[in-house]
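Visitor: Once you have looked at the hints, place chain B on chain A.
Line by line, the protein sequences are chains A and B. Residue 533 in our numbering is what sits at position 191 of the first sequence, and the numbering runs on without skipping anything. Residue 425 in our numbering is what sits at position 179 of the second sequence, and the numbering runs on without skipping anything.
Under 8 Å between C-beta atoms, here's a sample of chain A residues computed to sit facing chain B: (1) Ser429; (2) Ser450; (3) Met488; (4) Glu645; (5) Gly708; (6) Asn715.
Taking lysine to any residue pairs in the SDA-like style, the calculated list, with each CA pair at most 25 Å apart, reads: (7) A:Lys479 / B:Ser544; (8) A:Lys479 / B:Val575; (9) B:Lys471 / B:Tyr356; (10) B:Lys269 / A:Glu718; (11) A:Lys430 / B:Ala584; (12) A:Lys430 / B:Tyr548; (13) A:Lys479 / B:Ile537; (14) A:Lys430 / B:Val632; (15) A:Lys430 / B:Ser651; (16) A:Lys621 / A:Arg688.
Output of the computed footprint for chain A on chain B, the stretches with three or more beta carbons under 8 Å from beta carbons of chain A: (17) 316-329; (18) 378-384; (19) 565-571.
Worth flagging that the hints you see were computed from the coordinates, not collected in a lab. Every value quoted in this text rests on a predicted model; they were computed, and no experiment measured them. Cβ coordinates follow ideal geometry from the N, Cα and C atoms, glycine included.
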Amino acid sequence: MRREIKNEVLNERLIHTKLKNGLNVYVLPKKGYQKQFAIYATNYGSNDNQFVVPGEKEPTRMPEGIAHFLEHKLFEQEEGSVFDIFSKLGASPNAFTSFNTTAYHFTSTGSFYECLDVLLNFVGTPYFTDQTVEKEKGIITQEIVMYQDDPSWRVFFNLLKGLYQNHPVKNDIAGTVESIQKITKDMLYKCYETFYHPSNMVLFVTGDVDTDRVVQQVERYFSDKDVSKQGEIKRIYPSEPYQVAAPVVKDKLPVPRPLFMLGFKDTQVGQEGQPLLDKMILNDIMLEMLVGQSSDLYVKMYEEGLIDLTFSAEYTGEKDYGHIIMGGESPNPEKVVDMVYKEIERLKQEPWDVECFSRVKKKKIGEYIRMFNSLETIGVQFVSLIFKNIGLFDYIERLMQINYEQLKSHFNKFFENYQSSVSIILPN
Amino acid sequence: MRIENMDMGKGITLWVLPTKKFKTVTISFCFHRDLNEDYTYNALIPAVLKRGCEGFETLKDIERHLESLYGALFDVGVQKKGERQVLRFSMEVVNDDYLAEQGILAQAFYFLNRVINRPVLENGGFKKSYVAQEKENLKNRIKSLVNDKIQYSLERCAQEMCKGEKYSRYVFGNINELENLDDARLYSVYCDVTQSSPLDVFVVGDIDPAKVRLLLERSLSMERKQVRTIPKTTYKKLQVVPKTVTEEMDVNQGKLAMGFRTNINATDKEYFPLLVYSSILGGGPHSKLFINVREKASLAYYAFARLEKFKGLMFIGAGIDFDKYEQTVNIIMEQLDAVAKGHITQQEFEGAINALVTSLKGSMDQPSQLIDYYLGNSVMDSDITVEELIERIKGVTVDQVVEVSDRIKLDTIYFLRNRKRGYVIHEKRN
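Bound conformation, chain B alone:
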C-alpha cells in the first residue's frame, strides 16, 4: 500500500491511498492552523459550516441529501496536533461498485466543496441563528469534558503542566472566549482559514489517483491567497521542577494523571526507542504498569502510559482508591526507575515491540487511522511510511531504550479526588 502525494499548488496537497480492501471511500479535508489566540474561533467554524450551505441550507436538507447518498457519513471536527489545530471536514461514502447508482463519489466532492466554500450567509457574515446555536453547543461540549473522568484528568494534567505554553489551550476552545465572541471576527477568521491555511486532502479507498485529482480540481472553488507558514511546536524543556495538583469533586474513584516531558518528538531519531520505552512502561498487558499496578498490587482496573508525539509528552493514568495515592505513585516511579536501570525482561521488551507493530499494522485496516497517521506526517514534515516505522521499531535495542530514559522528566502529578471541603484546586510545588 503506497500513499501518493500530489502538490496541487496554492498550499494544497492531495494524498491518495488506493486500496481494494475497503468498501467505502473516505475523503478528509484538513486545514492547518496555529494554536494561537484564535483557537476558540477555529473550533467553532466547522460546527457552523456543518449547519448549511448553498443548495442545502438547513440541517434537514443536508441530512436528507446524505441519506439519499446511501447514508454517506459527513463529519466535521477539530484536532490538536501538538501546538497546531486542524479543522477537519470529512465524508465516507459507499464505493460506487457496491451500488446500483453511480457518481456518489463525485457528489461527495461537490458537497464538501459547498460546505467549506459556500456557507449560508446573512449581511456579509454567517447566519446569526446558526452561530448562536453552535456557540451554545460548543460551550456545552467544553463543559461536558468533566463527564469523562479519565479524559478530564489527562486534559487537566496537560493544562497544568503546560501553563503559559500554547499547548495548554483546549482544542474545543474556551468558555469565556465563546461568551465574548465577535461575529464579524468569526467570519474573517473563516476567510483566513480557506484563503491562507495549508490544506491537506486525504482520499482512501478503491479509487484511481488520477481520477481523484481531476475530481478535486473540478469540484474545488476556493479563492486562495498567500499561504501562511505555521510555527513549529516547541518541545524541549529540560529544567523542570515537578509539581503536584489536586482537584476535588464528588467522585467515587480517584484519577491519577502524571505528565512527563520526554524532550523527544517524532522527527528525532530517539523517537523509536521512546515508543518502545513507553510501551514497556504502560502500553498494554505486557507492560510494567499493568503487571505491577494492576495484576500484582490489585490497585487499579486501568493503568497505562501514552505518548504525545508532537509536543514530546508522556502521560500515565490510573484509576485508584483515594487513600492509595502515595502507594500508586511510588510503584509507578519504581517502574520508571527500573527501566532506567535496564531492568527490562525479554518478555517485556519483545511484548512492547510486538504490541507496537500489531497496532501499527492494524491501523492500515482503518481508513480514519491511516488518514490520522499521514496527517501527523504532514504536521511534522516527515515522510516515514507506516511500514518504515515498523522496521525502525524492530531495530530498537534495549540499550537505546535505557538511554532515552535519561531525557524523561516528571513535570506534573495531577490527582482528582473526592471532595473534602468544597471545590478547590490545591497546588503544591515540591
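So here's chain A without its partners, still in its complex pose:
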C-alpha cells in the first residue's frame, strides 16, 4: 500500500508505504542535500513502565529508566559495537529516549543504503549479556549524575513533580541511580519483545534518496523475518487527578541567580489526531500572544529586568497528558508568576485585537517553512507527531485555517479554571 502526500505551500512530498508486517515507512525526498537522514522509532518511552505483554494476563512493572537503558544496549551487538560499522561507512548514528518514544537515527553523506541496513539490523537484533548490562550501569550512572548538575534539567523535572501526582511523566527519563541497578538482561528482552515489533514502529527517511529503492530495500530486509502479528499492547497509566501535586516546588543549587518554570496542567486530555493537533496549534499561537517577544507582558517584564532572553514558553500535548511551561532566569520569579496570572485575568476582560493574531499566525507559518531546511529537525518532528496520529504536513495545513474566534474561545476555555505549579531553583 503506497500513497503520496503533497503540500503546495512547502513544495514537498511525502511517500508513505505500509509493509505487510505493519511497519510504516515514510520517505521525504530532498534534492540537492549532501546528507541523508534516517530515523527508526518505536512507540515506547520512559512513561511505558507498566503494561500487559500481548498474550499474558498479569501486568508487568519495570524499573524506572528501562526504555533508556534498552536504547543504550541496542548499540552493542554480539560482533561488537554498532558504532564501528557506522564509522566504517562514514555515518554518525545516535539515539534518544523521550517520555513516549525511543528513536535511533543516523546521518550519512554516502553509503546511505548500507547504513539503512545497519540501522534496521541493529535495532532488530537485541543482544544482552549479564556482563554488558552491568558495564552499562557505570556509564548511565554518569549520565544521570551529569543531569543532576544541570539547573535547567532540575527545574524542569521538579516542575513535573509539582504538576503530576501519579502520571509517570514526573519521573526522570533515565531513571535514578538506584532504579537502574535493578535492571537485568531478562527484563530488557521482555521490554524489547513487547515494544519493538515493526507494527509498533515507524521508519522515516529524508535526503537526496531514491524512494523506490528505499522501500524495496526495507521490504527485502523483512522478507525473511518473522512477520507473525502481534496482539495489542496494553499500557497502564495510573489515573491522574485534576489537581496538581504541589503548587510550589523549591530547590537550591549553585546558580548565580534564580531559575524558574511555571506550568499549567492541561485538563482536557485523551485526544489524538486532528483534535489534538488543533489544540497544539492554538496553544502555540496563544502562548506567543500571551508571553511571546512582541506581547505587552513580555516587553514589560523585560524592561523591568524581570526576565531576559532565557525566557521561553511552550506547550506539550500528548494523548494522555499535556502542559504549558514557561520560564527562564529571573531575579524575582514570584513577581513574574504573579504578573502572568494577572495578565491572564486581564485578557479575559480585554482580549487581543485580531491584528495581533494575524501577525503571530504569519510568524508560525514562517517558522514551519523554515523547519524544512534541516533534515534532522524534520525527522525528529515527524516522529514526535506520527505516534499521535498527526501527519507531517497537517500542522501547516491546519495552521492556515485557524481563525481568531477559535483562538479566543480556546484561551477562555484553557484558563477558565486552571491548575498551575511553579518550580524555583534558588542560589545556595
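Guide: Showing chain B alone in chain A's frame:
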C-alpha cells in the same frame, strides 16, 4: 556549490552562496575586532543595538515587524575566533518564492542597516535605559556560564592556560569592566566598529549574487573611514610547564578539562593531519577516548577531544566521579602516547577520516555552519573551500598523524570537583 566573494571597497567583503536547497535566505553582517581591552564594550554593542533603531524604536516595534515578515529570525551576537572578536548581526527570512508577498528579502537588508547604522540616540549617545538594561543582561549572561558545567570547565581551562594572553578574555566580557563601563566610550567604540572594522557580509540561499550586491549597495548607509588591520593570533608556545588547577563547587559530577598547545593553526600544512589526530583521539564513537574511557573503563558518559583552529589549542573533556581523577588522566595520557607511537588501528584511522568528512559535508546543509566556515576563512586569510578541505583530509597518512603528535604539549589540567572546604581555587605546578 561555489561561494562568490566580492570586494565592495572600504574594507567590506560580500560573500554570496547561491543554492536552491534552502527555503530561506540567511544574511549575516560580521564586524571583525581585535580581542583587546575593548572586549567588554564590543560584547555589549550588539545587545544595545538590538533594542531599537530608527523606525522601530522599541523591542515591541522590532518584534512586530519581524512577525509581519513571516517570523523573520533576527539575531545578534559575539563570537571568538582565536584572538579576534566578531560582532554579528543576522537575519533569516523565508524565500519570497514560498510566500504570497514579495520583497521580504529587500526589507531584511534595509532593516539590518537600520539596526547597525541608525540606533536610538539620546544626547549624542545610546539611549541610557537600553544600555543599563543590556549591561545587566550581559552581566547575568557572564555569570550564568557556571550553569553549564561542561562549557564552564572548558572555558576555565582555557583561561588558566592562556593567562596573560589575549585569548584568556571571555567573549562576553568581564563583570568588573561592565560595572565600571563608561557610556561615552561605549558610543565611541561603536562608531569605531562601524567606521573602521573590517566587515564581511554573508548571504546564503536561493538568490542571484548580482541582485544581492545591488541590494546591499542600496541599503547600506554606513560612513566608513580608514579600515584597521587586526593583528594575527599568536599560536606558538613550545616551552610549557604543565600545571594543574582544581576548583571546588557543590556538584555531583567531576568535570575534567585538559588543555594542550598543538602549535599548529588552520593555515599550516600540518593542520590536516592534526584534524585526523584529534578525531582519532576523541572525535566520536570511533575514537580512543570513547572506547577506552567510556566503553572499556565505564568511567564517563562523555569523553571527547576538540580543536580550536585559530589559536592552535586542543581540549579534552570528560565527566567523571571525583575519585576517578587520576585513573582517567592516566588513561587519557596513555591514548595520546599510543597515537604518538603509531598504535592506530585501521578502524580508528578510517573512522576518524570518515567522521570528519561526514561532518564537513553535513555542514553544507546548514546555512549557519556554512557561514561560520567561511567566516573562519576570512579570519585566517585562507581560501580553502569545504570541498578542498575534504580532499586534503582524505590524503592524510598515518605517518603524518604520528608526526604531528610531537608538536602537541599538555599545558593545563583543570578539574571541577565537589566542595571539601569552601570555595577556593588550588593551583599546583608539577
